[in-house]
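Just so you know, the sequences run in chain order A, B and C.
Quick note: the first sequence, position 63, residue 63 per my numbering, numbers continuous.
Quick note: the second sequence, position 363, residue 363 per my numbering, numbers continuous.
Quick note: the third sequence, position 50, residue 50 per my numbering, numbers continuous.
FYI, nobody ran anything at the bench for these hints, they're computed from the structure.
Just so you know, these numbers come straight off a predicted model, no measurement behind them.
Using N, Cα and C, we set each Cβ at its ideal position, and we do this for glycine too.
It cannot be assumed that every hint is accurate.
[What the hints assert, rightly or not] Quick list of simulated restraints, FRET-style, between CB atoms:
hint, chain 1, residue 1, chain 2, residue 2, range
1, C, D180, A, P23, 26 to 34 angstroms
2, C, V51, B, E149, 43 to 51 angstroms
3, A, R6, B, H392, 16 to 24 angstroms
4, B, R338, A, A64, 47 to 55 angstroms
5, A, N8, C, R186, 23 to 31 angstroms
6, C, V92, A, E42, 56 to 64 angstroms
7, C, I185, B, G54, 52 to 60 angstroms
[What the hints assert, rightly or not] Examples of chain B residues toward chain A, derived with CB under 7 angstroms:
hint, residue
8, Q359
9, G361
10, G401
11, A402
[Stated by the list, open to error] Where chain C lies over chain A, by a calculated footprint (3+ residues, C-beta under 8 angstroms):
hint, stretch
12, 10-16
13, 53-60
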Amino acid sequence: MSHRVRVNPIACEAHGMCAELLPERITLDEWGYPIVDLTPIEDWELEHARRAARACPTFALLVARERRARP
Amino acid sequence: MSGAPSTVSELPLKRIPPHGAPVLPRLLAGVHSVGAMTLTEHLSVHGPMSPVYGGRRRRDRAHAAMLMDEIERSGLLGRGGAAFPTATKLRAVAAGRGRAVVVANGAEGEPASLKDRTLLEMTPHLVLDGAVIAAEAVGADELIVCACETAGISVQSVERAIEERAAHPISVRSPQIHLRAVPGHYVAGQESALVNYLGGGPAKPMSTPPLPFEQGIGRRPTLIDNVETLAHVALIARHGALWFRQLGTPTQPGSALVTLSGPVADPGVYEIEHGASLSSLIDAAGGATMGLRGALLGGYAGAWIGREWLAGVALSGEHLAAHGASLGAGVVLLLSDRACPVAETARVARWMAGQSVRQCGPCINGLDSLARTLEQIAAGSAEAGATRRIEHLASLTARRGACGHPDGAVNLILSALDAFDADFAEHARHGACDRCACSPELPLPDREVSHQRSRGAVV
Amino acid sequence: MTVPVAAAGSSSYWYLTRSTGAVALLLLSFALALGVVDVQRWSTPRWPRFVVDSLHRNVALLALVFLVLHILTSILDSFAPIAPIDAVVPFVGSYRPFWLGLGAVAFDLIVAVILASLLRARMGYSAWRAIHWTTYASWPIALLHGFGTGSDASKTWLQVLSAICMTMVLAMVLARVIADWPENIRVRGAALGGTGAFSLLLLLWLPSGPLGPEWARRSGTPASLLPHSHTNTAKSRR
Chain A
1 MSHRVRVNPI ACEAHGMCAE LLPERITLDE WGYPIVDLTP IEDWELEHAR
51 RAARACPTFA LLVARERRAR P
Chain B
1 MSGAPSTVSE LPLKRIPPHG APVLPRLLAG VHSVGAMTLT EHLSVHGPMS
51 PVYGGRRRRD RAHAAMLMDE IERSGLLGRG GAAFPTATKL RAVAAGRGRA
101 VVVANGAEGE PASLKDRTLL EMTPHLVLDG AVIAAEAVGA DELIVCACET
151 AGISVQSVER AIEERAAHPI SVRSPQIHLR AVPGHYVAGQ ESALVNYLGG
201 GPAKPMSTPP LPFEQGIGRR PTLIDNVETL AHVALIARHG ALWFRQLGTP
251 TQPGSALVTL SGPVADPGVY EIEHGASLSS LIDAAGGATM GLRGALLGGY
301 AGAWIGREWL AGVALSGEHL AAHGASLGAG VVLLLSDRAC PVAETARVAR
351 WMAGQSVRQC GPCINGLDSL ARTLEQIAAG SAEAGATRRI EHLASLTARR
401 GACGHPDGAV NLILSALDAF DADFAEHARH GACDRCACSP ELPLPDREVS
451 HQRSRGAVV
Chain C
1 MTVPVAAAGS SSYWYLTRST GAVALLLLSF ALALGVVDVQ RWSTPRWPRF
51 VVDSLHRNVA LLALVFLVLH ILTSILDSFA PIAPIDAVVP FVGSYRPFWL
101 GLGAVAFDLI VAVILASLLR ARMGYSAWRA IHWTTYASWP IALLHGFGTG
151 SDASKTWLQV LSAICMTMVL AMVLARVIAD WPENIRVRGA ALGGTGAFSL
201 LLLLWLPSGP LGPEWARRSG TPASLLPHSH TNTAKSRR
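Model the full assembly from the supplied sequences, consistent with the hints where possible.
Take a look at the structure:
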């Protein structure tokens with residue numbers, strides 16, 4: 001079961017905590033908004049990803065389980 | 001502004017001269033130069049509407065399945081800009097949980113597009129037929145027609161058409177049709193923005209998933225189709241998929257409406273078959289009145305084609321894709337050789353930045369920075385490496401918003417750098433050119449983004 | 001005339017309620033200050049954003065702990081007649097009803113803020129934000145409660161502590177208001193005006209209020225608890 005990290009761009013207010021807590025996947029652009037690596041994350045990253053998602057003040061960071069492709 | 005059509009009623013409507021059997025017009029068959037076709041006229045030109053049963057019983061669902069198969073066989077692609085296969089969307093909505101809602105999208109926020117308001121004004125019943133048939137196909141019991149609130153004539157036309165139908169047997173078993181006037185800013189017609197507005201919120205895109213076809217208005221599966229797409233649906237239901245495919249190309253069958261503006265004798269809305277050449281369209285419009293520098297295809301989220309390619313361009317998805325362009329919502333904007341493409345691009349970029357509904361940081365900041373850099377290049381005050389800066393900003397701006405607005409603006413800007421690289425290089429070296437001083441050509445109306453919530457949910 | 005200092009022993013709850021109240025005020029002030037640092041996104045490599053944010057949340061929770069202790073000990077204390085209901089329903093008590101009631105108001109607001117933060121995920125961001133804004137109201141209410149109900153207004157330690165809290169909060173609120181001036185200028189202007197007016201009125205009131213004569217009587221202490229040196233009906237603290 002793989003997971004991905006993504007940002008809801010409407011909710012995001014550039015607080016920047018996600019980039020601090022998951023620097024392997026998230027960097028900040030010149031305006032402070034997250035640039036996210038959207039490829040599936042490794043298993044060991046999942047706990048960090050969830051912590052980063054909890055830390056986001058606006059719940060903009062989401063950890064999504066991979067959806068099965070529709071037939 | 002030369003060549004820019006202002007109000008629909010000033011435009012003469014023309015057709016591409018048919019070769020051999022009269023195959024065009026289809027959508028524009030029987031339209032008057034002013035005023036809508038009445039229901040009687042509509043039925044006499046197009047024939048009786050195909051039957052709808054409006055129910056959920058097995059027989060009705062079998063009929064709906066037949067409709068969907070026919071639309072799938074026709075290969076109809078959406079005419080709102082995305083060219084998404086209509087049958088696929090219909091099936092997805094029909095498979096959703098809950099009773100579906102159908103929205104006929106005539107919001108038309110693209111300034112250089114007039115085809116949707118033209119359809120609604122001139123032949124509203126064709127659109128309404130298509131909407132009712134689509135509702136039948138997906139099992140919807142609610143139907144909402146959206147017209148642009150600044151296109152008052154088309155709003156009135158749809159109102160009258162709805163009244164006409166209500167008094168006519170055609171409306172038996174059809175769902176009730178609601179009309180909503182939606183704000184005119186660029187992004188208001190985006191699917192989730194429309195769902196937001198029709199649900200009682202402002203006309204601003206929402207975060208997805210879920211997409212409207214799964215959960216749209218009132219969390220119900222919502223079919224949002226461009227009014228032209230629905231007009232085609234109405235004709236396919238009457239005449240069949242084979243008839244539809246007699247025009248156009250194998251991958252992009254049928255006819256399409258395009259809005260041609262710029263230095264031509266008769267700018268306006270034309271019906272073409274997919275694959276027709278740009279030259280034949282210009283000829284049908286009375287020919288160019290000036291030399292041409294290039295053409296903007298698809299609108300302000302589209303792409304530029306430089307003058308060297310114009311002669312050979314055919315208006316179909318696959319041919320244009322080779323030029324990095326698409327027809328989009330059927331917009332063809334011609335630029336004269338008196339205009340400065342660098343200055344025009346800077347103006348469009350600034351306008352697109354202003355049309356951001358300002359929900360997402362990368363869109364707000366990216367489009368503003370892009371516009372500023374382009375303005376500097378146009379004025380000759382840009383720093384060295386400004387073109388590289390634009391490419392960098394483009395990568396930071398595209399695909400990082402909640403909707404496709406920043407992507408479209410980036411697409412336009414990058415295509416301008418490509419098509420007019422010589423002009424951009426000149427500006428970087430020597431600053432503003434003598435054509436910059438000419439009056440601007442591309443129509444960029446004053447459209448304030450409306451943040452107001454709508455008066456209330458319809459559904 | 002000064003109010004006699006409470007004696008030790010059976011009145012240890014009274015000491016506790018005063019001390020936990022003072023600590024709660026200090027922690028609430030600190031939480032507010034950290035809230036401003038958080039929302040202004042001030043950070044350094046040593047104090048990254050997530051640390052500031054966690055610190056803000058944790059200091060607020062710690063303040064709540066001390067607040068609960070403050071309330072419990074005031075109820076348990078036998079000197080002042082404070083009932084459990086006085087902790088949440090304002091102005092119904094018999095001991096300095098108005099000033100105690102302010103404490104109940106502040107407590108209610110703070111509980112609402114903390115509950116909203118715990119239930120954040122279910123709430124929707126705008127609703128959460130609206131409730132969180134009430135912290136700017138609960139702080140001055142708590143401060144006035146402290147001045148009104150406390151018996152240590154004349155003590156240097158409390159005056160110094162209060163001065164520290166007031167300075168810290170005033171500085172942070174001003175920083176918050178001035179930072180993005182003139183964005184949202186109406187709200188910012190109102191906040192500036194309100195802060196200025198409150199500060200001014202407070203400084204004008206203190207000398208004639210809690211720092212003034214016979215504050216215990218004027219603030220609504222039940223007569224039976226007031227010291228009357230010439231009667232033997234006074235309940236004295238031993």
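We went through each hint and held it up to the structure:
The beta-carbon spacing between D180 (chain C) and P23 (chain A), approximately 28 angstroms, falls within the hinted interval of 26 to 34 angstroms. Checked against the given bound of 43 to 51 angstroms, the beta carbons of V51 (chain C) and E149 (chain B), roughly 49 angstroms apart, stay inside it. The hinted range of 16 to 24 angstroms is satisfied by R6 (chain A) and H392 (chain B), whose Cβ atoms lie roughly 23 angstroms apart. Between R338 (chain B) and A64 (chain A), the C-beta spacing of about 52 angstroms keeps the proposed range 47 to 55 angstroms intact.
Evaluation of the 23 to 31 angstroms hint for N8 (chain A) and R186 (chain C) yields a pass: the beta carbon distance comes to about 29 angstroms. Between V92 (chain C) and E42 (chain A) the beta carbons are some 59 angstroms apart, a value that agrees with the proposed interval 56 to 64 angstroms. In this structure the supplied range 52 to 60 angstroms holds for I185 (chain C) paired with G54 (chain B), their Cβ-Cβ distance being about 56 angstroms. Among the interface hints, the one on Q359 (chain B) holds; its C-beta lies about 5 angstroms from the nearest C-beta in chain A, closer than the 7 angstroms criterion.
The beta carbon of G361 (chain B) is positioned within 7 angstroms of a beta carbon in chain A (closest approach about 4 angstroms), and the interface hint is therefore held. With 7 angstroms as the threshold, the beta carbon of G401 (chain B) comes within range of chain A, its nearest partner Cβ sitting at about 5 angstroms, so the hint holds. Taken as an interface hint, A402 (chain B) checks out: its beta carbon lies about 5 angstroms from the nearest beta carbon of chain A, inside 7 angstroms. By the rule of at least three residues with a Cβ nearer than 8 angstroms to a Cβ of chain C, the coverage given for the stretch 10-16 of chain A holds, with 4 such residues.
With a threshold of 8 angstroms between beta carbons, the proposed coverage of the stretch 53-60 of chain A by chain C holds, since 4 of its residues qualify and at least three are required.
Every hint from the earlier list agrees with this structure, and none is contradicted.
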